[in-house]
Structure formats: structure tokens, C-alpha cells
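Student: Starting from the known structure of chain H, fit chains X and C onto it as the hints suggest.
Residue numbers (our numbering), protein chains in the order written: chain H, 53 to 378; chain X, 332 to 693; chain C, 216 to 473.
Since the hints were made in silico from the structure, they are not lab data. Everything numeric in this text was worked out from a predicted model, so none of it was measured. Just so you know, nobody snuck in bad clues.
Okay, the calculated bits of chain C under chain H, using three or more residues with CB under 8 Å as the criterion:
| no. | region |
| --- | --- |
| 1 | 264–273 |
| 2 | 294–304 |
| 3 | 372–384 |
Incomplete in silico selection of chain H near chain X, CB under 8 Å:
| no. | residue |
| --- | --- |
| 4 | Asp76 |
| 5 | Thr84 |
| 6 | Ile93 |
| 7 | Ile97 |
| 8 | Phe100 |
| 9 | Ile159 |
| 10 | Ser187 |
| 11 | Trp205 |
| 12 | Val239 |
| 13 | Gly296 |
| 14 | Phe307 |
| 15 | Ala330 |
| 16 | Phe337 |
For every residue, glycine included, the Cβ atom is placed at its ideal position computed from N, Cα and C.
For reference, the chains in residue letters:
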Amino acid sequence: MTAEAPYQATPRRKLVVKPSTVPDKVFFGIATAAAYSAIVITSAILIFLVLRAWPAFESQGLLNFIFGSGWDTSLDPIVLHIGPMLWGSFLVATIGVIFAVPMAISIAYFIEFIAPKALAKSATILVDLLAAIPSVVIGLWGVSLFSTVAAGWAQELNSVLGWLPLFSNNAGNFLRSPFIAGLVVAVMIVPIIASITREIFSQMDQEIIKASLALGGNRESTFRKVILPTAAGGVVGGVLLGLGRALGETVAIFFVLNLVYDDFNFYQILEPKGGAVASLILAKFGEATPAEIAGLMAAGVVLFVATLIINAIASYIVAKAQPWRN
Amino acid sequence: MEKLIDLSPVERPANAQPWAKIQPRLKGVIALSSVLPAVIALAFLLISGNEFMGVLFTVFLPLQILAGGFAGFYGFGRRGILDGLLLVVTYFFATFVLVLLVSVLWSVIENGGKAISPHFFYQNNVYVDPTAPLEIGGVGHAIIGSFLIVGLATVITVPLGIATAVYITETQGKSRGLIRSLLQAMSGLPSVVAGLFIYALLIASGITQYAGFAGSLALIPLMLPTVSRVAEEALRLVPKELRNGALALGAPAWRAFLQVTLPAASSGIVTAVLLGVARVIGETAPLILTTFSANNTNLNIFEGGMSTLPTYLYNYVTMGFDTSLQRAWGAALVILILVGVLFAAARFATRSTPAPKAKKRK
Amino acid sequence: MSAQFHLSSENVNVWFGERHVLKDVSLQFPTNQVTALIGPSGCGKSTFIRTLNRMHELIPGAGFGGKVLLDGQDIYEESVDPVNVRIKIGMVFQKPNPFPTMSIKENVLSGLKLSGRKNDNPAELVETSLRRASIWNEVKDRLNEPALSLSGGQQQRLCIARGLAMDPEVLLMDEPCSALDPGSTRRIEETILELKDSMTIVIVTHNMQQAQRVADQTAFFLSEDGNPGHVVEFGPTDDVFNKPIDSRTNDYVNGHFG
Chain H
53 MTAEAPYQAT PRRKLVVKPS TVPDKVFFGI ATAAAYSAIV ITSAILIFLV LRAWPAFESQ
113 GLLNFIFGSG WDTSLDPIVL HIGPMLWGSF LVATIGVIFA VPMAISIAYF IEFIAPKALA
173 KSATILVDLL AAIPSVVIGL WGVSLFSTVA AGWAQELNSV LGWLPLFSNN AGNFLRSPFI
233 AGLVVAVMIV PIIASITREI FSQMDQEIIK ASLALGGNRE STFRKVILPT AAGGVVGGVL
293 LGLGRALGET VAIFFVLNLV YDDFNFYQIL EPKGGAVASL ILAKFGEATP AEIAGLMAAG
353 VVLFVATLII NAIASYIVAK AQPWRN
Chain X
332 MEKLIDLSPV ERPANAQPWA KIQPRLKGVI ALSSVLPAVI ALAFLLISGN EFMGVLFTVF
392 LPLQILAGGF AGFYGFGRRG ILDGLLLVVT YFFATFVLVL LVSVLWSVIE NGGKAISPHF
452 FYQNNVYVDP TAPLEIGGVG HAIIGSFLIV GLATVITVPL GIATAVYITE TQGKSRGLIR
512 SLLQAMSGLP SVVAGLFIYA LLIASGITQY AGFAGSLALI PLMLPTVSRV AEEALRLVPK
572 ELRNGALALG APAWRAFLQV TLPAASSGIV TAVLLGVARV IGETAPLILT TFSANNTNLN
632 IFEGGMSTLP TYLYNYVTMG FDTSLQRAWG AALVILILVG VLFAAARFAT RSTPAPKAKK
692 RK
Chain C
216 MSAQFHLSSE NVNVWFGERH VLKDVSLQFP TNQVTALIGP SGCGKSTFIR TLNRMHELIP
276 GAGFGGKVLL DGQDIYEESV DPVNVRIKIG MVFQKPNPFP TMSIKENVLS GLKLSGRKND
336 NPAELVETSL RRASIWNEVK DRLNEPALSL SGGQQQRLCI ARGLAMDPEV LLMDEPCSAL
396 DPGSTRRIEE TILELKDSMT IVIVTHNMQQ AQRVADQTAF FLSEDGNPGH VVEFGPTDDV
456 FNKPIDSRTN DYVNGHFG
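Looking at chain H on its own, in the form it has when it is part of the complex (with noise of 0.2 Å):
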């Protein structure tokens, strides 16, 4: 047997998809410029941002921006600080989650498991309408028609379990707290929870309902032991786009909420004073000094960078939860 020389595979040529004509180019050159400009964009929010914020960030020291308090521009030097808007934009986005998580899951499992048909339906329109309403006509009902009844649940519940130090007041009056500003921020992002929950539940393997009905599950077990963990991952992705939302709100909070920027209100929800970052720059705005501009800017960063970072969590999140999928 003569040696045979090890076989050896022509070389593997890389296919790759490119445009010939001059049409295609300019066809494919239009559309990666485009989604070019996508990055563009981003890097030119960032860049602008932080070189107007850079003064502030420089003058106040940054972990003194983030995390003190008091702004103050009538003292030299100069004080702007976020910790009590920071702050209270997590704790109100807190209670707004907390409200509406339950109820949104609620609607949906209504809506997908128990409704009939034509409730279900136009059930569903009405959902993903009322996710539609701008926040700034929430903020307007708010205002106005909500505030009066919400300071009025406020005030029972302080009476009933006020030595609770959450529960707590001590000025006797119960408009604009965070309390108020977070059932109204709940009522913002319901619709959007209930709606992303839905969709879920809707792509959901009918297959395994049916295996957990035949192995006698009954409603309750298949929903709390199967389809809950299955829908796990997106209904958390969908909460936190609600969490990114209720962050940046920023009319209907600024109505409703009355900001203290010298004092951090950590836990007593009942107080009429908080903080929300995307409210105080609206509150700011209007007769903002140049060194207060830039102080804005440098919040609008601070909020910008705390978003990004939830969205990845919610990312993770979504990825990790769901292992199976792959």
C-alpha cells in the first residue's frame, strides 16, 4: 500500500455577501449610514452632556453631587447636589413598581386565562390604549382630580397604622408626597406592564399547560408553578422598562410632588417632600443661572447613566432567567 498523502480539503473560501452594482452600494451604503447615525446619536448625547456638565461634576465633586444634599445657589460657592432627588426618583419609582406590578399581572392573567373571548379582546384594546396616554395628561388628572382623593387614603392611613415610621407624618398635611407621586406613576406604567405581561403569557408553549392540567394541576398550581416561572424572565424585563419609565417621568411627578432639595426623605412616604432628578430639571430650567445649567446638565447625566444601567440589568435579568432558551 503506497503512503497516501494526508487528504487535504481545498481551502474554504468566505462566502461573503457584498454589493456589486453601484445601486446596491449606494442601497447598502444608504442604510449603514443610517444605522450609523444610530451611534452618532448616542455618543453625541453623551459627549455634549458631559462636556456642559463637566463645571458642575469638577466645582461639586462627584460623589458630592450624587450623593449630598442641598441646592443652593445663592451661597458661594456655590451647592447643587442630587442626593435627595436621586433618592427620592428611586423611592418613587419604588412605590409605583410595587403597586403596579400586582395589578398589572392581574390584568393579565384575566385577560389571557379567564376572559372569554370577546371580554379578552376588547379588554386588550383598552390596555394598550390606555398605555398610549402621555404621562403629562396623567400628571393632569393627577393634579387635579387624584391628589384630593389619594391625600385622603394617605390621611386613613396614617391614622391606622401612622407609628409606623413608613406610615408617619409630621406636617399634618398630606398633598404631594411620594406617596401620591408613586400610585400616580403606577397608574402610568400598569398599562405598559399588563400589556408586555400579556403578550408573554400569550406566547406562552401551550404544551406544558396541558402537560400540568394532565398530570391534575388545577388553575391555581399551574399558574403559581409553571406558568409563572416560564413567564418569569420577560414580565421582569417588562417591569423594569416600566422602573426606566417611572424614572424619567418628569411632568406628571413635577405636579404632583413637592420637591425638597435641602433633605433626604428616605422612607416616610407620607411626607409632603421628595425628589425626583428628571423633575428638578424641569423645576430649574426656567431662570437657571449658567453654573446652575451646568449642575442640570450634570443631573441629566446622572439619570441618563443610572437608566442604561437598569437596562442591562433588565437584560441580564431576562438572558439568565430563562437558560432554557437556547
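Tutor: The following block gives chains X and C in isolation, referenced to the frame of chain H:
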């Protein structure tokens, strides 16, 4: 066994659902447990005169939970308790939220309706004092302003968004993943920060004064992710066979796209545009930071103050007068009508194409 | 007469909305025997098998008439809890459907958790069930891994183990092997033959050779000219395939159609 059996179909009898028959006693228990807690709570409410919400949560809800659990237990034993509870909680929350949301909708319609009249739609507010009665003045100028500013933003964003979607779906570009992530990040941009950006770029640097087009530019990063994402999905839904068929016939990529893919995805693209517009039509904060409000009708988007519906609303709320608040409600209703029309149009556009349910199965 | 049979159906009729899809199906399933339901696609075999464990009623617009008797009692009676029926009569589906969020072990025990039953020795139950489904040796070292890491054939055997963990009296199998390769199919057929000593099995199958390999008796379903499906012939497998009485049965089992 070849006996001649009658094989023809028989009409469905009336009692073809034996599982729907519930034992009469269980039926009674269910009926009782649905009605009794409400009756008791109502009685409590009327007698004690306590506040509605308090009674709802501290009397009605616990009673209903107990009743639901009991009905479940009565019918199905221990297992049934949680079943009953789940139903009670779901019905309660779902109803609560729907009522709340519908009341928001209703209050806009009711209050806005008081301010609305034909002239409200086309008059502007020149020479109209904030405390003036509602017979004069309107949001005509704001409607035009919204139309111009959102229109300019749309004209810029839609081609950009569709072209980006084309890049993601048609080319094999290496940056596709990066672009998608960036668009995702852009969708999280707080609207006020978008306004700050344009302010920093154009106004604070002195390139321009507050003007309508600055507002349009601020709306672009808010619209782009939506338009691009929905357009991308619409393009993806077009079956690959169509495109491949065109390519196999010798069509260049651009022809295949323009003459085959795009028409097939047209309803989805229209939806993308409509949803993008609906998203930004109510945006307030970016416009406050980049435009000047005005009472007159200004058609020059590059110069001068220009009011839009959301900024009109904002201004009239912050003024604080009763009449100005009513005008704000009117503006809110106009916005709602516009959003409703856009929504109906989007649904109409997608109605003709059967949307395939994307089954994410491996 | 019906008390002699473990499971039987009397004049079962099925409607979907107004459409009559199954007419007067009366079959008897003796204890510890395997019965195969064969017939061309769309003749109602899968629909019929779903009436046996009250899964049929979950379809919107479903209509039903007749009786299904388990140990002499009609499972469609008012007082009967469908969940109890499904605990006693298990089901394996055409497409393997293990729960994606659970590990192999958790999947086996999932039936207990879902029906609210307790077990003192879960580890033992897991091993027993996986052994009975002929998959223990392949997974004994990776019980905590996600169920979806198994191949298709293994997933189906896992679903069988999951059903067996409930200790059912009857096991219904709706074309359990149609999505699997021949090797897995063979394993599952062997499992069926081992299982029939402890339970009664009803299997819907497209594969006539499979019916001849595993079934003691066979029912041939047919629906012609838009009429509802019905049972053309029912008897010992040997007779149905080798000495069919009806000419239509003869045509089908000899591959002339279907």
C-alpha cells in the same frame, strides 16, 4: 360486522357540556360567596359612614377572600382553597385597575368636554387672558405647532428608522448587534435628557435660539428606537421565500427590497410610523427645554415661539387659574383624540395582514 | 357488563361547536392490556383519547355526549372532580413537553406538586419512576440538570416517568413516538410492554407496525365524506390486521390509503 349504521352527523344537543353542570349546592355556595361580602361591606359602609376605600380594603376584601376560599374548599377540598383565592384576587385587582384607568379616561372626556367647542379647535390665544372665559380662545395654534414640530421630527426619523431596520435585516453588517443594543439604550433615554441634549448642543452653544425645529430634533432620539424596532419586526415577518424568489430571478438587492420586501411589509411599516408619532405627540419635557411657548399662530419652525398641545397643557396647569385649568383639560382631550385616531389607524393598518403568532420554540 | 372492564366508553359523541366529529364510539379497555387506536389523520382518534381523561372539555366550544366509565363509574357525572380523574388516568403527549424551568428530578416530581399530594420518600419515587420509564441509567448522574438538556427521545421518556410518578391506573398515550427517531421509539415500545403489567394502556398511533408490536387489541377509526369519525372495527390486534372483517379495514391495514 358490516351492519349498516347511520353515519351522518347528528345535531349537537343542548346538554353537550356535562362538565358545566355544577352541583346545585355548590352553585348556591358560589352565588352566596360572590354576593354576600359585597352586601355586608355595603351595609357596613352605609351604617358606619367610613371612607369607601378603607371599607373596600379592610372589610370587603378580607371577607371576599374568606368567601372565595370557602367556596373553593366546599367544592374541591383543600386544593380548592387556593383556586378560589386566585380567582378572587385576580378579579379584584383586575377590576380595580380597569376602573381606575377608565376613570382617568372618563375624567379627561368629562372635563375636557366642558372646554371644547368648535372654536376651541381653531382659535389661538392672542389677546386671550388666562382668566378669560372659555368662549374665546382655543388651541388652534398649539395644534398647528404640534403638527409642525412632530411632523418635522417624523420626516427625519421615519426614513432614518426604516433605513436602520433595513441595515439590520438586509445586510450582513458586523455592527448589527451593536446598533440594536444602542437603540435599546436610546429607548431608555429620559425625555427630559433628550431636551437637555439639544439645549446643550444648539441653544446653550449659541447656534440658535429656542425654536420649533430644536424641539423636533429633541424628539428624534425618542422616536427613533420605536420606529426602528417596529419596522425591523415588520421586515422580519416577510417570508424569506419572497425575497429569495426575487433574488433568484436576478433582481439586485435594492430592487428586491423596494419591489418585494417593502410592499409586503408596508402595513407593518405604517404601524411603525403611527406608533412612533403616538409616542412623541404627548412629550412635554423635551419641548419645554427647547421651545418657547407663544399665544399666536407661528408657522415658522425655525424662528420664534411655538406652542404645542403638551406645552400648552403644561403652561395652563402651572398658571393655576380655574379657567386656565379648564383649558388644560380641553387640550388634554384634544391630545387624547389624536392618540386615539393614531391608534385606530395603526390597528386598521395591521388588520388586513394576519399577524403570525411568533412561536418561540426550539 | 361494563363492570368487567377497567375503562370503557359508551356511545361517546363529540362536537366542536356545531360540527359533529365523533359518533357513537363504544370501546372497552380491559385491565392490564394495551389497546391501540389506529386510523388516518383527522378521523378523531386524538379527540377521542382526550375524552378519556377529561382533557377534551378544555377546548373552547367542545361538546360531548355519552359515558366514559372507570371501574364502572361515569367520569362525567356531576359529582366527579376532573382533576381526580386526571390523577388516575395519566397522559403522554405527542410532542415531549417537560417543564422548561425544572430540572429532571423536579419534572418527575412535578405531578405531585401540581396536584398537591405529598410523598415521604421523593428520591425513591424519582428513581422508581425513571427506572420504569427505562431512562434511569442515562440520567442518574444528572438529576439536577435542566430537563431540556435531554434529547427528544429522552425527554419523552422523562414525560412518561413524570406520568408514572402519579401511579395512574390508566396511561393514555397520544402518538408518543411520532416525533422521535426509531431507536427511541423502540425503547418506548419496550417500556410499554413492561408497564402493562401494572396498568391499562391506550395508545393512539399512526404506525401500524407499532400497533402490531405492542397492542393486545386494536380499534380502527375512520371518517368519510365529511361524516363524523366512528369505529369501523374493534378486536384483537391479530384479527384486525390479518383477518379484518370490514373491507375498509382491509384497505387501510394493507396500505391502500391513509
